[in-house]
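Chain by chain, the residues:
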Amino acid sequence: MSGQTTTALAPAVWALARREFVRFIRQPQRVIGSLGQPLLFWVFLGAGFTPSFNPPGMEGMTYLEYFYPGVLMMMILFASIFSTITVIEDRDQGFLQGVLVAPVPRMAIVLGKVFGGASIALFQAFILLIAAPFLDTPLPLASLPLLVAAMVLTAVGYTALGFSIAWSMRSTAGFHAIMMVFLMPLWLLSGALFPVAGAPMWLQVVMAINPVAHAMTLLRGPFYATPAELLATPAYLTGLAVVVVWVALGLWVSAVRVGAREKGAAAA
Amino acid sequence: MIIIRNLTHVYAGTRRQKARTALHDLTLEIPERSFCILSGPNGSGKSTLFRILCGLATPTGGSVTVGGHDLFAEPAAVRRLMGVVFQSPAVDKQLSIIENLRLHAELHGLRGAAFQERADEALAWTDIKDRLGDRVDTLSGGLARQVELAKCLLTRPRVLLLDEPTTGLDPASRRAFLGALHRLQRERAMTVLMTSHVFSEAEDADSVAIMQDGRLLAHDTPTALKAQLGQEVVVVRPRTPAVMLEALRRDFDRPVLVHGDELRIEDVPPAEAVVLVEQILTRFRGEVLSIAIKQPDLDDVFVHVTGRTGAASQATGPTPQTTAEDLKPEDQEMRA
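Sequence lines, in order, name chains V and H. For the first sequence, position 123 (counting from the first letter as 1) is numbered 123 according to the numbering used here, and the numbering increases by one without interruption. For the second sequence, position 164 (counting from the first letter as 1) is numbered 164 according to the numbering used here, and the numbering increases by one without interruption.
A couple of the hints might just be wrong.
[Claimed, not checked] DEER-style ranges, computed between Cβ atoms:
(1) H:Lys93 with V:Gly48: 40 to 48 angstroms
(2) V:Arg26 with H:Asp130: 17 to 25 angstroms
(3) V:Arg26 with H:Asn6: 43 to 51 angstroms
(4) V:Ala197 with H:Phe72: 37 to 45 angstroms
(5) V:Phe182 with H:Asn6: 39 to 47 angstroms
(6) V:Ala177 with H:Arg135: 26 to 34 angstroms
(7) H:Lys93 with V:Leu40: 25 to 33 angstroms
Calculated directly from the structure, the hints in this document are not laboratory data. Every value quoted in this text rests on a predicted model; they were computed, and no experiment measured them. Idealized CB from N, CA, C, for every residue including glycine.
The whole structure should be built from the sequences, with the hints applied where relevant.
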């Protein structure tokens, strides 16, 4: 064996991420569930709200169209977060302890799960993306890479966030509770469901500090503007900065948590 | 190979639970290429020691070196030397055998031809060679254990740690697994430390360490440990142990040990054992449910070693007894 003491980062990340994806594909219920739910939300809410949806400055836009990027976001949120629940299952079933005692960089354990989860989320989101050309949005072809980049960043951000929360949790039921009171509101107040403009002042403040709202800006922008226009918009650039910081922070906190070993207390 | 010095581990107290010490100043040395069994009753600190040794927890105090590397200063170097078999299987049950092996190899930087060669080597002794494509959750408990051990062997560990690896196996699989483990240990010159509370498993080990209440009570070869008990043991199961204990102590000039509802008279020379049984039966026929003469085995050693400490602590007052109850219930499955 070579002199180095830890395995290189990339192969370990790849091995762990691949495992996530293989497990996902082998559970068809998971595929159907996380694909079906946002799709049903979109069709039902979109059809139901379109007659009453008439916010200032968005005349002529159907709710089906307004809600589409929001559904993309929701799908990425659900798929990413659900895939981090497997952190708890891995611990519970014993798999995780085997990984922890392997000589891999702790960051590889984080990135393996995060990239695996993000790829699952993106796999589903890309399927939904097939519906995009049938909407009435301009979606300049040149903006497509920016849309994809926004999706990737968001997926990694969510999985990193989910990972850092799930790491110390011992039950999946507890994780679901956190998800309902913390993660769901992040999405609800992101502008996915309703535009920020018409909301009460306090809600606008909350939405301004919500990183998911900034991710929403990144996700919605490419449907209506060219890359040149977007990169000249301060809101878009702010959004980009916030999301990048969110991703970096999520990964860093996760790696710190994985690296922390349970310590013996001071002698009594 | 494994040197543990003055290891102490305290679990922090909470509002409802006071802090408890799971390991008390434990010192233990396991020489290279030896097979050591670590045993002790539930709550003795075995699992805490195991968690520390595999680097999942850092102790309150003390040091551990494995193969010359400090476990706490260079955890990655120690992880390279070590293979760990956990009590709850550390395999992904939804993946096939070969997928599990490949994943483990990749975490250790083994790929391609090197992996193939190591996999053949690691699987040579197993019964799973023609089921490599099967998912692990379709295997029997015994075969799943083989996957676990084969997985560890891929990296050619110099030190193998096993936490109650035979739990849940039927006697035949248990014997087969241990047989393979002993053979592999010799062939590959590995140092093996295995926790177990089945003492028949320890007969073939190079050494047996017995823990109780976070302290090491004995560490020696099985033969030397059994020699402590002298030649033969007379075991009596009376109807009312308290009454019988008093009677035995009054009528015979021999130390009597209490273990559960059994009374034991140890170190009886072979010539006197039969006489002793006869005398006991003559006097207390109605009181005795069963009586036996035994060659001491490791179970008896365990009773002797742990029972003696129990008696000693009762003699010095009730305080040590309370700490024993406070210890963590050990054999709930260990989690990473």
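At the C-beta level, are V:Arg26 and H:Asp130 separated by a distance inside 17 to 25 angstroms?
22 angstroms, holds
Just to be sure I understand the hint, the distance between the Cβ atoms of V:Arg26 and H:Asn6 should be within 43 to 51 angstroms; is that true here?
Since V:Arg26 and H:Asn6 have Cβ atoms about 48 angstroms apart, the given range 43 to 51 angstroms holds.
Verify the CB-CB distance for V:Ala197 and H:Phe72 against the hinted window 37 to 45 angstroms.
56 angstroms, violated
With respect to the beta-carbon atoms only, verify the hint that V:Ala177 and H:Arg135 lie 26 to 34 angstroms apart.
32 angstroms, holds
Outcome of range test on Cβ distance (H:Lys93, V:Leu40; 25 to 33 angstroms)
32 angstroms, holds
H:Lys93 versus V:Gly48 beta-carbon gap, inside 40 to 48 angstroms or not
43 angstroms, holds
Is it true that V:Phe182 and H:Asn6 lie within 39 to 47 angstroms of each other by Cβ?
44 angstroms, holds
Violation of the numbered hints given earlier is confined to hint 4; every other hint is satisfied by the structure.
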